[in-house]
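J.: Start from the sequences, fold in the hints, and give me the full structure.
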Amino acid sequence: MFLEDFAKLNKTFRYTISAALIMIITIGVYNWVISPHTKYLSAAQKYEQVLDERNRTNKLILSNLKIKQTRLEQLKQRFTNLNEIAFTEKEAKNFWSNLKQITEEAGCYFDSLTITNSKQAAEGTFTTKSAAVSMSGNFNGITQVIEKINSNPRKIWIDSLQLKTVQQSSILRCDMTITIYKSTSKE
Amino acid sequence: MISNKTVLGIDISSRKIDMLWAGKEGGHIKVLKSLSEPLPKGIVVNGNIENVSKLAKIISRLKRKHKIQAGKTAVTLSISPMLTQLMYMPKPMPINPRKHFEGEVKKYAILPEDKAITLDFCRIPPNTRPNENRLLIVAAEHKKVAKFIKTFRKADIDPDILEPAILGSISSLYQPKVNGSTQTKSLFILLREGLFTTVVLRNGGIDLTNTKKPTAQQVSGSGFAEYTADQISNIQNYYDIELMEESQDWQITIVLDQKVEDTEKLKNKIGKNISYENLELINQYTGVDSIPFFKSDIPEEHLPPVAAGIVMKLLGFDRSGMKINLLPPEAANIREAKNQAILTATLAATIVLFMFLLVGMLNTTIKNINTETSKRNQKNTSKLLEQQQQLDEQISEISGLVENSKAIFEKHKDINWAAILNDIRNKIPSDVRVTSIRSGEDGKTLISGLALSNQSVGKFVDALGSSEHINSASLSETQKHSQNKKILRYSLNCEPEQRN
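These protein sequence lines map, in sequence, to chains B and H.
Quick note on the numbering used here: the first sequence kicks off at 88 and runs consecutively.
Quick note on the numbering used here: the second sequence kicks off at 48 and runs consecutively.
Do not take every clue at face value.
[As the list claims (entries may be wrong)] Straight-line alpha carbon distances no greater than 35 Å define the calculated DSBU-like cross-link-like pairs of lysine-lysine that follow: (1) B:K235 / H:K474; (2) H:K453 / B:K153; (3) H:K88 / H:K260.
[Stated by the list, open to error] Ranges between beta-carbon positions, derived for each pair: (4) B:Q188 / H:D489: 25 to 35 Å; (5) B:K177 / H:R485: 29 to 39 Å; (6) B:W119 / H:R145: 42 to 52 Å; (7) H:K491 / B:K153: 49 to 59 Å; (8) H:D489 / B:K177: 31 to 41 Å.
For the record, the hints were derived by calculation from the structure and aren't laboratory data.
Each residue gets a CB set at the ideal place from its N, CA and C atoms; glycine is no exception.
T.: This is the structure we're talking about:
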């Protein structure tokens, strides 16, 4: 029935109908099937590009992180080295209490120890402890005491030093101000 | 090797249906299947189809049963009435010859005047009139031809050629003789569906054609022999007397569509004036033993002569030049429309298939990209940035601590008193004594003592000045001792070296 109706049309019209039908099918299938897929593919490719870009950024960040990690390690090492200068609480106590013994071992007489000052050097770093120390002895003995103080693995500052002969003898009275640093982080 | 394109010839008469499926093999026609089946009464009457559905079913069943799949199909027509006529048409031919001939053929009493006609024509040799075209015209009632087409379409066959049975018979049975001698006149007689058709062939073409409808008495029993002999005699007389041609050898072929009990007796009755050798009786019903060009694997196979003739036409073995096709133009149109519809559907299906393949490819690509991206997506930039920020904060904090600590220690003046005291002890001249050493918070140190001479004090100052632990040393003052004038009191200013 369809064929007979179709055959009744003239050739040009039949070809036009065929072409139109094929075009409609092509356009329809393209619009409803192909086009969404191509769009999705395009989006996926763009997303891939974005990811590539992001990966490059990630690589850069990772390389930066490595450099920064190294820098942090170096800084930590430097801080540890600086901390080597400072006493712990216990070491500080030992140092002050051993001072008399050091003096006497050098043949000097230990007169007094007065801890005069204790203050925060800087936030999160150290506190300083200063003390006025008085002793008597000959020049060599006092020099020996100072050498022994300096030989401590921690750093000790002698902020002031005063030597004076006692009654025109070879005995010298020595007054000095000693400062040490106590590490807050070590505590 | 048989050619890929095989053809099917179908001959339908009131009594039976013949099918011949064949293909071209070299210079021969290879018979693939030859079958013949009697038709029940009432389906085809006098060559006209009376029961379209039943005939279509029979054709369809035969085709299916014998698995016949032919590229082209030709069908013979024995429609009654059907006009087969030679005509002369002045040159040039009219613009629409078909229309012109429609009017012409309706003048013949054999065709109904008030009904649509289907006709076809072809030029035929020999042409003795230079200003005219010699044409063979075949015409039949359109409605009856349409029934044929409808029947075959129902049987899922789209015929390429609809040809009168007489022409099919001539193609298969008479052609070799046509090509043989040009001098011999050949008379071809076909008795089919109650019609008595005579065709005279000479010089390779049709010379005379005539169709008559004898009475039942004339074509049955002994009447047939007499009637046939009369007709042959009439034709021979026409040539002898009317055209005044010398009597030549006549080659006579009679094709019957009925069973003959005694062929020799019939030949004897017919052949009053002609030799038996030149008379050939062929029975369509039983078929013929051999047809030139045909080859069959089945020994002693009888081929249907009419179906064989149209197969020869389809395969290009026919040289009679009589190309008649009664397929109406609208049938050809429907055929073309069908092909076009099939082509459109195939194209559409191909496009859809191609697009689905494309979608498949796109999906695979998308899937690959998604897999790839999901792999790459594992590292999160924000986490890395967070980590970087944390590191920056830690660096900043520790850097601050380091800088602060460094600044504290650098600010704090550190003097190596042990070394300075050792230098004083080692470098002091023998006549110089130190009575006091006093350092201030700024590190500047005042050394006081007693000496015997200024030179000694000077030496002491120089010695201290050259010490690596003292930056500079200078004499502050000297004065005589209040109790002993030989002794000098001195004071020195020193600036000790600071340690880092």
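J.: Compare the structure with each hint and give your call.
T.: Here is what the structure says about each hint:
| no. | hint | in the structure |
| --- | --- | --- |
| 1 | B:K235 / H:K474 | 22 Å, holds |
| 2 | H:K453 / B:K153 | 26 Å, holds |
| 3 | H:K88 / H:K260 | 21 Å, holds |
| 4 | B:Q188 / H:D489: 25 to 35 Å | 32 Å, holds |
| 5 | B:K177 / H:R485: 29 to 39 Å | 34 Å, holds |
| 6 | B:W119 / H:R145: 42 to 52 Å | 49 Å, holds |
| 7 | H:K491 / B:K153: 49 to 59 Å | 50 Å, holds |
| 8 | H:D489 / B:K177: 31 to 41 Å | 33 Å, holds |
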